[in-house]
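2 protein chains.
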Amino acid sequence: MTRAAIISVGTELLMGEITNTNTVYLSQKLNDHGIDVLYHHTVGDNPARLSRVLADSLEDCDLIITTGGLGPTQDDMTKELVCEFFEDHLVMNEGWLDNLYKRYEKRGRKMTDNNRKQALLPSRSVLLFNEVGSAPGFVLRDPAGEKTICCLPGPPREMKWLYENKLSPLLAEQEGGVLCHRMLRTFGIGESSLETALLDLIDSQTDPTIATYAKEGECALRIASKRATAEEAEEAVEDMTGQVRERIGEFIYSYDDVDLVRVVADLLIEQGLTISAAESCTGGMFGAAMTDVPGISAVFDRSLVTYSNEAKMQELGVSAETLEKFGAVSEETAREMAEGVRRVSGSDIGVSVTGIAGPDGGTEEKPVGTVWYGLAMDGRTVTKKTVWNTRSRRSNRNYAVLNMLDMVRRYVGGSE
Amino acid sequence: MTRAAIISVGTELLMGEITNTNTVYLSQKLNDHGIDVLYHHTVGDNPARLSRVLADSLEDCDLIITTGGLGPTQDDMTKELVCEFFEDHLVMNEGWLDNLYKRYEKRGRKMTDNNRKQALLPSRSVLLFNEVGSAPGFVLRDPAGEKTICCLPGPPREMKWLYENKLSPLLAEQEGGVLCHRMLRTFGIGESSLETALLDLIDSQTDPTIATYAKEGECALRIASKRATAEEAEEAVEDMTGQVRERIGEFIYSYDDVDLVRVVADLLIEQGLTISAAESCTGGMFGAAMTDVPGISAVFDRSLVTYSNEAKMQELGVSAETLEKFGAVSEETAREMAEGVRRVSGSDIGVSVTGIAGPDGGTEEKPVGTVWYGLAMDGRTVTKKTVWNTRSRRSNRNYAVLNMLDMVRRYVGGSE
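So the sequences go chain by chain: D and H.
Numbering of the first sequence is given in the numbering used here, commencing with residue 1407 and proceeding in unit increments.
Numbering of the second sequence is given in the numbering used here, commencing with residue 1407 and proceeding in unit increments.
Some hints could be false.
Unchecked claim - In the DSS-like style, the derived pairs of lysine-lysine whose C-alpha atoms are separated by at most 25 Å in a straight line are:
{"no.": "1", "chain 1": "D", "residue 1": "1435", "chain 2": "D", "residue 2": "1566"}
{"no.": "2", "chain 1": "H", "residue 1": "1516", "chain 2": "D", "residue 2": "1772"}
{"no.": "3", "chain 1": "D", "residue 1": "1790", "chain 2": "H", "residue 2": "1632"}
Claimed, not checked - Example chain H residues on the side facing chain D (calculated, C-beta under 7 Å, incomplete):
{"no.": "4", "residue": "1538"}
{"no.": "5", "residue": "1690"}
{"no.": "6", "residue": "1706"}
Derived by calculation from the structure, the hints in this document are not laboratory data.
Each residue gets a CB set at the ideal place from its N, CA and C atoms; glycine is no exception.
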C-alpha cells in the first residue's frame, strides 16, 4: 500500500487567513485510490522548515504531494528544495516558457523575469500541463525510483483541475488493488458503547478495517477493504456490515452515509405520510431541517413554532390547566402539542418538542437539557424524554432535532 | 516572539472525512496574541508519527498545541507520548473522575473503563476544566521551563470553548506587547465593493492593518494594531474605524463582531418590541436564528412556518385569490403573511418571507433565488425583494434569513 504525505506551502495558511481545503480534497482522492495518507504538514515560505517536513515525509512515505510555493514571487522555493532532495537540478522548460509568453501577450501584459521562473522545472520531471493557470505541476522520482513527489500549484481551482485531469490518471495506473468502503450512521448510542459492542471486531481488524467517528449527538462507522478485485473488496465489506448490523442494527439509520433528516424524508415520501410539527425550544430548527430537503413539500405541511405559552394555547389548543399544572416542559404539554398540530393541520403525523435549551432556566427537577417529545399518529400518541448532559444551547437544540427525527424514523419505519 | 506549532491528531482528518477547522481557528487566535505559527501537522492515531512531529515541533517552537486524541477510545495515545517528551507520567485526577461519574449518573448511563482514561493526566500538568465535554484539556511545561504544550480535545465546540475560556487568558498573560483589534461586520455590500471603497486605506496599511473576510452573504472587516501600550493600539484602531465608518457606515451592523441576529435581538429587547414571523422558504430558520439567543422569549412570540398554501391561508389568512393571482412567491403574499402573523399573534412586528430556494422550481419571471419579504408594524407594511445569484438551496435560505434580520434592523433602528 502506497503511503503518502501532503505538504501545503503558504504563510497565509499559518496566519489562519484561509481554510486549507486542498488538503481535505487531496486526502479524499488519495484514499479513493487506496493510498494511505500518513501526514498533513503546513509550512510557510521558509526553506529550513520545508526541508524538515520533506525529510520527515520521505522517512515514512513513498509519495509526497505538495501544494503551493510554485508562483512567481521570490519566496517560492519549493522547486529548488525538491531538486536537492531528489538529486536533480532546474532547467528552463522552453515549451512552457513559450506558453507563458503567449498568455501574457494575449492579456496585453509584459512578462517579468519573475514570471520566467515558473518555467524552470527539475530536469528529470514530467510536466503536468496546467490549462487553468500560469504555474505548471510536475512529477519527479528519485534516482532509485522508490520515491515520487508531485508538486501542484496552491490555488484550489488550479490544484483540483491538475489533480483530476493529470495526476489522478497517473495514480490510477500506478496503484493496483481496489478499495471499497461504506459509511454507517448511527443515532442513540455513544462512541464508547459502540466500541465496546464491537471491541473484538475492531481489535482483530486487518482487512476490512473499522473506524468510529463521533459527531455531535451521533456516531458514524466506516468499514473499508482493499482487495485484488472490486468483487472481493465489496464482499468483505458486506460481510463485516452484516456482523455489525447483528449487534447494533437498531441504532443504524443509514448504511450509505445519508443524513438522518434525509432518511426520514425519504421514508415519509415513500409511504406518502404527511407531517407537521409543533416546536418550542428548537424554535424552528425541525422545520428548517426538514425543508432543507428539496421536494419535501410533498409531505411537509407546516411547523408551528409556539415559543410563548399564549402561542401554545392559541395555535395548538394546549390547555391553560396543563401549562399551569405540569409546566411548558412536560410530557402532558408535549402530548397536547403533538395532538394539537395534527388536528390543526390535518397531517398524518404531528410531532412536538418542548424543553429547556439553556444555558440557564433549569431546576433540580428539570435541569437544562431536559426535553420532552410527542408523536401523534393513527389516533395514538407516544411521548419520550431525553436529558442531554450539556449547558450548551446549540448542542441541546441540535440533539432535540435529531431525537425528533429518530422518533419519526423508528415509529414510521416500524422499529417501535 | 513565541513560535508555535499546531498538531491535529485524528485519522478521520487524514481520510479527508472532515475539514480541519480547528487549525484555522487556532492560527487566527494565536496570531492575535502575536504568536508566530510555524507549522500545522496532522497525524493519525499512531504513536511513531505523532512522536516524529512532536520532536520536529520542539526543535523550532516554544509552544505546541495539540487537538484530538484525548477521547475515551483505545486509539487515543496523545497523553502518553506527551509524558515521554516532557518527562512526566500519568496520574488519575480524582476531581475529574468524580466529575465524570456525576455526568454519567445524570444521564442514567454506565461509565466504562474506557471513560476512566479521560481522567488520567500528566502529574505536573495544569488541568483546563472542560464545561462542555468529558475530556479535559491541560497545559504542561518541560522540566527546564522552556517549552509548553497545551492539549485540547478534538471536537471543535469543546476545543473552542476551552481556548476562549481557559487557554487564551493564560496566553495573554505570557505574551508581551499589546495587540488591539476590532472586527466590523457588514451586510448588503460585497467584498469587492468594500475593497474598492477602502482601497487607499488598505494599500497604505502598515499599522493598523485592515483585512476583509467574506462570509456567505456578508463581509467582515478586521482592523488591528500592535503598539507598546494598550492606549496607543486602541487609539490607532479607533482612528481607522472612524475613517471606515465615514465611507461605508450604513452597511456596518456591528463594530464588535456581534452576529446580526444578536444585534437585532438586542435592539428589540432594548426597545421592548415584540416580534412574530411567518416563514415559507426558510422553513423555520428565522425562528431558529432568533431563538438561538438566550432570553429572546421576552420579545419573540412565535413563528408560523406555513410551507403549504393551505397553511398560509389557514394560519395567516392569506387569501386564496392572492395566491392564485400573484402566486405564493409575490409581494402581495409576503405582505399578507406579515400582516397576518402580526394580527394573529398581537406582536408589535410581523415579518415574513416567501421565495424560491432551489435548486429547482424557478421560472424566467421568478428565477431560483427570488425572495419576497414583508414587515408589518404600526399599521404600515413594507416589502422588499432580493434575487440572490445562486442555485444553492442552503445559500439562498441563509441569505433570506439575513435579509429579514437586516430589514428589522434598519426599520427598528431608524435607518429606514
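Evaluated hints:
1. About 10 Å separates the Cα atoms of residue 1435 of chain D and residue 1566 of chain D, which keeps this hinted pair within 25 Å; it holds.
2. Between residue 1516 of chain H and residue 1772 of chain D the CA atoms are separated by roughly 21 Å; this keeps the pair inside 25 Å, and the hint holds.
3. Annotation: proposed proximity of residue 1790 of chain D to residue 1632 of chain H is violated, straight-line Cα distance about 54 Å (limit 25 Å).
4. The beta carbon of residue 1538 of chain H comes within 6 Å of a beta carbon in chain D, closer than 7 Å, and the hint placing it at the interface holds.
5. At a threshold of 7 Å, the smallest CB-CB gap from residue 1690 of chain H to chain D is about 3 Å, leaving the interface hint in force.
6. For residue 1706 of chain H, the shortest C-beta to C-beta distance to chain D is roughly 5 Å, which falls under 7 Å, so the interface hint holds.
Of the hints listed earlier, the one the structure fails to meet is number 3.
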